[in-house]
Amino acid sequence: MTDAAWESLSNQAVAAAGLLYFLALLAHLVEWASLRKVPVAAGAVARDSVDIPGGVAVATGPEDAAVEGRVRRTALFGRLGYLITWMAVVVHLVALVARGMAADPNRVPWGNMYEFTLAGTFVVAALYVVLYRKLRLAWMAPIVLAFVLSVLMVAVIWLYSPVAPLTEALSSYWLVIHVVSAIVATGAFTLGGITSALYLVKARSLAKKGPQQAGYVARLPQPEALDRVSYRLHAFGFPVWTFAVLITGPIWAHQAWSSYWNWDPKEVWAFITWVVYAAYLHARTTAGWKGRNAAILALVGMATLWFNFIGINYFSSTSQHSYAGGAAQIEVVPQR
Amino acid sequence: MNTALSTRPPEDDRRPGDLTFRELLRWIWRQVTSMRTALVLLLLLALAAIPGSVIPQEGVDALKTSNWQDDHPKLTPIYERLGLFSVYDSPWFSAIYILLMISLVGCIVPRTVHYWRGLRAQPPKAPRNLTRLPDHAAYTTTDAPDEILERARAALKRRRYRLIDGDDSISAERGYLREAGNLVFHLSVLVVLVGFALGGLFGYKGGVILLIGNDYGFANNLTQYDEFNPGSLFRADEMEPFSFKIDDFDVDWLTTGPRAGLARGFESHVTYQTSPDAPEKSYNLRVNHPLSIGDTDIFLIGHGYAPVITIRDGNGDVVTDGPTIFLPTSQSLQSIGVVKAPDANPTQIGLEGEFYPTVAFSKQTGSYYSLLGKPLDPMVSMLVYTGDLGMNDGTPQSVYSLDKSRTTMLTKKDGTPYRIDLREGESVELPDGLGTVSFDGLERWNKIQISQTPGKWIALAGVVLSLIGLLGSLFIRPRRVWVRARRDGDGTLVEVAALDRSGSGDVAAVVDELVEALQREDRS
Ligand code: HEM
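Protein chains in written order, with the UniProt record's numbering: chain A, 1 to 336; chain B, 1 to 524.
Since the hints were made in silico from the structure, they are not lab data. It cannot be assumed that every hint is accurate.
Across the chosen pairs, the derived CB separations fall in these ranges [unchecked claim]: (1) A:V154 to B:T256: 40 to 48 Å; (2) A:E224 to B:E238: 50 to 58 Å; (3) A:L29 to B:L201: 54 to 62 Å; (4) B:G118 to A:G288: 24 to 32 Å; (5) B:P110 to A:G288: 38 to 46 Å; (6) B:K64 to A:N293: 32 to 40 Å; (7) A:G288 to B:W29: 43 to 51 Å.
Coverage of chain B stretches by chain A, computed from C-beta distances (three or more under 8 Å per stretch; other residues unrestricted) [as the list claims (entries may be wrong)]: (8) 28 to 42; (9) 56 to 67; (10) 74 to 85; (11) 234 to 245; (12) 459 to 465; (13) 469 to 479; (14) 491 to 499.
Quick caveat: nothing in here was measured; it's all calculated off a predicted structure. Glycine included, every Cβ here is placed at the ideal spot set by N, Cα and C.
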């Protein structure tokens, strides 16, 4: 296949993945809409949620046939949505691989903002489908899909740039390791942030309306369970981020720019993100900071993370981490 | 800690609430080393790091900083006083992280002692009422209690618990290493900081622009650097006595695709000696592939052109020759530079202008620009200044700028600036018998960065260690499990309970799984 063919394959795969995410989102919306009419005690989602204290799941059968039918239908749509998401993730992967194949010489598909966004959303979606069972993430489906779909749309509409070879500073195998880990951590932190946001929503709604609620929020797991899922996602993301930002990043920076830590804006914000997440981990074990404040810190962490990715690239011209800029430019005029 | 306060004998002349000096110290220490303080300090550190990403930093980009300062004359003195141009060495930033480190030491040391003592401790006895614990399960069976306990013992051993028998129960615990991981993590943060500080204090970073070819070379001593940033404890005698020259420089230009005209790869062929009498060695210096000589690393970070511009004065004497370094201002290596001839007669001559590796003319802007970085059609375009270049009063001047305050710009009869546009090999005669200027050739230069960063291996070892500690701390789940089995009527009542000490694990699942294991063996 020619490079141009790879490139158009990649573009088509992105479009197809977007469509599939959209269909998956629709399926989950149908699932949740039809659940509205089912009493919270019954229903398919309880099976998937984490709020089973003591682990003794009491299977209270649905009262009447109408409810039973609905429950079956919702379960069907839930499974359908999950299945389509899987397909979308696979097509998304094809898009990434094709993007790398389209470059000459072939390379990793994260040389600019568009590609980084493509890879980042892929990791969010892939982590979600992979952890779906282990962390029982069914309740997260509509949010994750809406997130991935909108970010993907932003990437296609505003960030798209044609395939180009990497500038030399970027072609290093440390780039591969560094960026893979940064993207993986970003994916995990994003899922964790979504969970923490839902924790806040759920806790607030419990405090306001008590246990009698309806709709989506009612079917979210209990706050403690959300907090635990969020912690596990962050606990996965944090060491990966540490590896990306404090180990491979400096090694690469040392090779490319002669100093392993230069307080470049991108480095500063990566450090800020790291410190905020360290604070989050502390907050979870500190009286008075547990729960609500910890969740807020997790959201602050996610904000710094995305600001670093988007904001710094657009607003800071001092950063040497320009994805599009040429390598090895002179920055300092010597005085003699 | 609180008991220590209350068991002190009361002192007569004290009002309630008064603290002795020692108590005050102790109180301060307790505040400083509390988890809450650590948390607040961490958040402060994050907050304090922000200004440095918004305001240009002297240590990061000196040129940009001075430009910014020129543009903001009102803010500059205020910012300067606040240390906002070097946030990361400023007293307030240092204060935060030093406090954090004190807090960290105050936190780790007692915990390490505590951990050391607790390392060989036995799991605590089973609480009287296991069903009071949040995660528990109970069932009755016909098997004898001893048999159940034996089975539990085997099952827990298989799961690598540390066990101790009670009367009718078993206590089990695992995950001791979690705390060790946590301590290693926090200790390594200190190690990283030490390594980082060593680099900042004893290291240096410098840059030099070096022309390519056998006629030019660099020997590692202070006088040869164009710019030099030493740490505050740097000593010049630590500099290694190497020298090198650049024999040749290759650029791999992109000729097609969206980035055509830009360079993809650079390679400098360097010959170096580790000391004046060491044998010569060669190295291909590329971006991402620094040359290490001893503790010093040498990097290729930029390149550009140096047109050879010769000025002959009114008497016909050559007053400047040799290559002049022009500094690139764009990706296609359009560059700016000046040529000075202070010895020219009848008057000093200064040239200032631009160099285009492949010149093109834009009708839109009405000016020349550089189409490509590759020198296919090189041209210089310069304005001419005569008068006093200000070089005789001894104040140092940048070779890249012209002091025009006491000069006049040469103009044509109609008053427009007199501009000399020279392609390689051309020359032009200046009006009024000032002399001639010729563009005789083109040389290239590399910008080389040289740095010595002691402590970098310590810092690296520190982060790697901290990552290992972190993994232990985050993924080892410390748990206590108790199993009690006792006669209850005809059968045996089995109770299982578990406690997660990290507050994050899903111990309900642990209880379920253990109960299942006990029952599964029931059936077999
Ligand atoms: C440089 C500053 C610090 C950083 C970057 C940092 C980072 C971290 C991180 C990432 C964790 C999570 C690992 C885990 O959950 O075990 C943690 C846990 C912990 N940190 Fe720190 N820490 C710092 C300072 C401190 C200080 C000053 C204290 C003492 C007050 C402290 C006490 C603790 C404790 C007790 C835990 C364990 C919490 C638990 O049981 O989960 N840390 N720290």
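Hint-by-hint comparison with the structure:
For the pair V154 of chain A and T256 of chain B, the beta carbons lie near 30 Å from each other, so the given range of 40 to 48 Å is not met. Checked against the hint of 50 to 58 Å, the pair E224 of chain A and E238 of chain B passes, with Cβ atoms roughly 57 Å apart. Evaluation of the 54 to 62 Å hint for L29 of chain A and L201 of chain B yields a pass: the beta carbon distance comes to about 59 Å. Distance hint for G118 of chain B and G288 of chain A: a CB-CB separation of about 26 Å, consistent with the stated range 24 to 32 Å.
Under the hint 38 to 46 Å, the C-beta atoms of P110 of chain B and G288 of chain A, about 21 Å apart, miss the expected range. Between K64 of chain B and N293 of chain A the beta carbons are some 38 Å apart, a value that agrees with the proposed interval 32 to 40 Å. At roughly 20 Å, the beta-carbon separation of G288 of chain A and W29 of chain B lies outside the given 43 to 51 Å, and the hint is violated. Counting residues of the segment 28 to 42 of chain B whose CB falls under 8 Å from any CB of chain A gives 5; the rule of at least 3 is met.
Here's how the segment 56 to 67 of chain B fares: 8 of its residues keep a CB closer than 8 Å to some CB of chain A, so the rule of at least three is met and the hint holds. Against chain A, the segment 74 to 85 of chain B contributes 0 residues with a C-beta closer than 8 Å to a partner C-beta. That does not satisfy the three-residue criterion, and the hint is violated. Residues of the segment 234 to 245 of chain B lying with their CB closer than 8 Å to a CB of chain A number 0, which falls below the three-residue condition for coverage. Counting residues of the segment 459 to 465 of chain B whose CB falls under 8 Å from any CB of chain A gives 4; the rule of at least 3 is met.
Chain A is given as covering the segment 469 to 479 of chain B, and this holds because 4 residues of the stretch bring a CB closer than 8 Å to a CB of that chain, at least three being needed. Coverage of the segment 491 to 499 of chain B by chain A is violated in this model, with 0 residues showing a Cβ closer than 8 Å to a Cβ of that chain against a need of three.
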